[in-house]
Amino acid sequence: MHAEGFAGGELKHGPIALIENGTPVVAIMPAAGSLLAEKMASNIQEVKARGAVVIAIADSGFEAADYLVRIPTTHEFLQPVLAVVPLQVIAYEMAVARGNDVDQPRNLAKSVTVE
Numbered sequence: 001m002h003a004e005g006f007a008g009g010e011l012k013h014g015p016i017a018l019i020e021n022g023t024p025v026v027a028i029m030p031a032a033g034s035l036l037a038e039k040m041a042s043n044i045q046e047v048k049a050r051g052a053v054v055i056a057i058a059d060s061g062f063e064a065a066d067y068l069v070r071i072p073t074t075h076e077f078l079q080p081v082l083a084v085v086p087l088q089v090i091a092y093e094m095a096v097a098r099g100n101d102v103d104q105p106r107n108l109a110k111s112v113t114v115e
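Take 1 as the starting number for the sequence shown in the UniProt record's numbering and just add one per residue.
None of these hints come from the bench; they were simulated from the model. Yeah, the Cβ is synthetic: ideal placement off N, Cα and C, and Gly gets one too. Treat the hints loosely; a few may be bogus.
Stated by the list, open to error - Beta-carbon label-pair distances, calculated as ranges:
no.: 1; residue 1: Glu-115; residue 2: Ile-16; range: 22 to 30 angstroms
no.: 2; residue 1: Ala-91; residue 2: Ser-42; range: 43 to 51 angstroms
no.: 3; residue 1: Val-89; residue 2: Val-53; range: 13 to 21 angstroms
no.: 4; residue 1: Met-94; residue 2: Gly-61; range: 23 to 31 angstroms
Input sequences plus hints: build the corresponding full structure.
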């Protein structure tokens, strides 16, 4: 599965064109009640209008999402640290489901030699 990350502010400048019916979108939501949370909510409404399936990682309930992964509320500067953990678990579980060796990924060396 191919995946890319986009900043919420960039969605309407191109990435929105990639969204079609059934496209999974993982939204890392800023702290509830913040200005950024309102902007992200607007972005989620846009992708939902195009048929996307939205998985939100948030510190509080977010009704617009199809699925919610709840993380603890913390200082806004620390929230991204908490939000990355569910993403790592999702990546791990997807790799295992696909039969990939997560302990020894193919084409990955332990060290890189620079000449």
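Against the structure, the hints come out as follows:
Range check, Glu-115 to Ile-16: about 43 angstroms between beta-carbon atoms, so the 22 to 30 angstroms window is missed. In this structure, Ala-91 and Ser-42 break the distance hint of 43 to 51 angstroms, their C-beta atoms being roughly 27 angstroms apart. Separation of Val-89 from Val-53 is about 18 angstroms and conforms to the stated range, judged on CB atoms against 13 to 21 angstroms. At about 25 angstroms, the CB distance of Met-94 to Gly-61 agrees with the hint of 23 to 31 angstroms.
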